[in-house]
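**Student:** Listed here are the chains, written in short residue letters.
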Amino acid sequence: MKKLNILILLIILTSLLAALPVSAQEGDNEVTDDEVNAIARELFCPVCENTPLDVCETQACKQWRELIRTKLEEGWTEEEIKQYFVDNYGARVLSEPPKKGFNLLVYFVPPIIILIGVVILFRAFKEWQGDNDYEDEDIETLEATEPETSENDSDANDYMAQFEEELKKTK
Amino acid sequence: MTENIPENTSSETPPKKGMPLWAQITGWGVMIALLLIVFVGLQRAREGNVQAGAETASFDFTLPLFEGYEYEGKDEVSLTDLRGKIVVLNFWATWCVPCQQEADEMEEAWQHYQPDGDVVFIGVDYVDTEPEALAYLEEYGITYPNGPDMGTEISQAFRIQGVPETYFLDRDGVVQYVQKGPFATTQQIIGIVESLK
Numbered sequence: 002m003k004k005l006n007i008l009i010l011l012i013i014l015t016s017l018l019a020a021l022p023v024s025a026q027e028g029d030n031e032v033t034d035d036e037v038n039a040i041a042r043e044l045f046c047p048v049c050e051n052t053p054l055d056v057c058e059t060q061a062c063k064q065w066r067e068l069i070r071t072k073l074e075e076g077w078t079e080e081e082i083k084q085y086f087v088d089n090y091g092a093r094v095l096s097e098p099p100k101k102g103f104n105l106l107v108y109f110v111p112p113i114i115i116l117i118g119v120v121i122l123f124r125a126f127k128e129w130q131g132d133n134d135y136e137d138e139d140i141e142t143l144e145a146t147e148p149e150t151s152e153n154d155s156d157a158n159d160y161m162a163q164f165e166e167e168l169k170k171t172k
Numbered sequence: 002m003t004e005n006i007p008e009n010t011s012s013e014t015p016p017k018k019g020m021p022l023w024a025q026i027t028g029w030g031v032m033i034a035l036l037l038i039v040f041v042g043l044q045r046a047r048e049g050n051v052q053a054g055a056e057t058a059s060f061d062f063t064l065p066l067f068e069g070y071e072y073e074g075k076d077e078v079s080l081t082d083l084r085g086k087i088v089v090l091n092f093w094a095t096w097c098v099p100c101q102q103e104a105d106e107m108e109e110a111w112q113h114y115q116p117d118g119d120v121v122f123i124g125v126d127y128v129d130t131e132p133e134a135l136a137y138l139e140e141y142g143i144t145y146p147n148g149p150d151m152g153t154e155i156s157q158a159f160r161i162q163g164v165p166e167t168y169f170l171d172r173d174g175v176v177q178y179v180q181k182g183p184f185a186t187t188q189q190i191i192g193i194v195e196s197l198k
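Chains as they are written, first to last, in our numbering: chain H, 2 to 172; chain S, 2 to 198.
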């Protein structure tokens, strides 16, 4: 019985020792889905419309995610992998286009247009405000100098008709 | 009565300050440039792929070939090197099911013309991964020169709409026929090539 216990103990120990190097080896090279997706979400599917690579379910996208995994296992950095994708599939795979050449328009044109819009709106508001102030001043001036003119048009017409009638009578 | 009439008030109107001329010119310039960019982009999208009769001299390319492939001893092939020969330029991808349907026919047609050397088949692998591409080429036993479309420059030059697409170029590099979608038979490919001879 004692011999049997020793044998079982030896088997367990041997199994543990045999398993240790394997688990260590797996742990060193294992690339998680999160690590793959962290890079994949920075890239877009080259053949689908506006679909980030991490959520794309086509066969091609699965291949590209697998490619990212392989490159990570080979020790490539995120930048190297992105550059590989750009070299192979063009800069359009990047979620953020590189800040050079024609792509600079993407970074500079929208803020410039917003700035121009703000300036135009500011000027327009200022102009409208100026007009309103000026109209208020006009009304005040007219009221002070010629209060009769503040009557509305129909009253003025009535007044003129009556005036002409009285004038005819005097003739 | 006349004393109460106010004097001409328009003379008191403050002069309105307009936007400076340089700002107006810049603003209009930017607007026109943006409209032009949009117009050119839309025009290009509307054009579709390169049509029969188009010259390819303006978009010459050099295709690096996959490992194990070569053309006349070189590991790359340039379109200008192929002047004087009929060129069958096939765009494909491993993730494209119709490409698999025509793979055998393409290889058969190539085997038909290879001994003569007058017709060259070139495979352009469109947005693909190299391990899968090599496995695909091996699986279908494709022997004609094949390489990846680096940066999608070749497919952009031909403005391909999808894969497979095959362009038949005459000896002067002029596109003579465009096949969108897979070939049904080997004879279909041979028939088109023969019409260019």
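One should not assume that every hint holds.
[Said to hold, decoys possible] For lysine-lysine, the following DSSO-like pairs were computed, each having C-alpha atoms within a straight-line distance of at most 30 Å:
id : chain 1 : residue 1 : chain 2 : residue 2
1  : H       : K101      : H       : K127
2  : H       : K100      : H       : K72
3  : S       : K181      : S       : K198
4  : S       : K181      : H       : K63
5  : H       : K72       : S       : K198
6  : H       : K101      : H       : K83
7  : S       : K75       : H       : K83
8  : H       : K83       : H       : K63
9  : S       : K75       : S       : K86
Source of the hints: derived by calculation from the structure; they are not laboratory data.
**Student:** All hints are to be evaluated individually against the structure, with a verdict given for each.
**Tutor:** Checked hints:
In summary, the hint linking H/K101 to H/K127 is not supported, as the alpha carbons are separated by about 38 Å, beyond the 30 Å threshold. For the given pair, H/K100 sits about 25 Å from H/K72 by alpha-carbon distance, which is consistent with the 30 Å threshold. Of the pairs offered as hints, the one joining S/K181 and S/K198 holds, with about 21 Å between alpha carbons and a cut-off of 30 Å not exceeded. About 26 Å separates the Cα atoms of S/K181 and H/K63, which keeps this hinted pair within 30 Å; it holds.
About 46 Å separates the Cα atoms of H/K72 and S/K198, which puts this hinted pair outside 30 Å; it is violated. Taking the CA atoms of H/K101 and H/K83, the gap is about 16 Å. The hint holds against a cut of 30 Å. Distance restraint check for S/K75 and H/K83: the Cα-Cα separation of roughly 29 Å lies within the 30 Å cut-off, and the hinted pair is therefore satisfied. The suggested pairing of H/K83 with H/K63 holds, with an alpha-carbon distance near 16 Å, which does not exceed 30 Å.
Between S/K75 and S/K86, the direct Cα distance comes to roughly 17 Å. Compliance with the 30 Å bound is thereby established for this hinted pair.
Of the hints listed earlier, those the structure fails to meet are numbers 1 and 5, in rising order.
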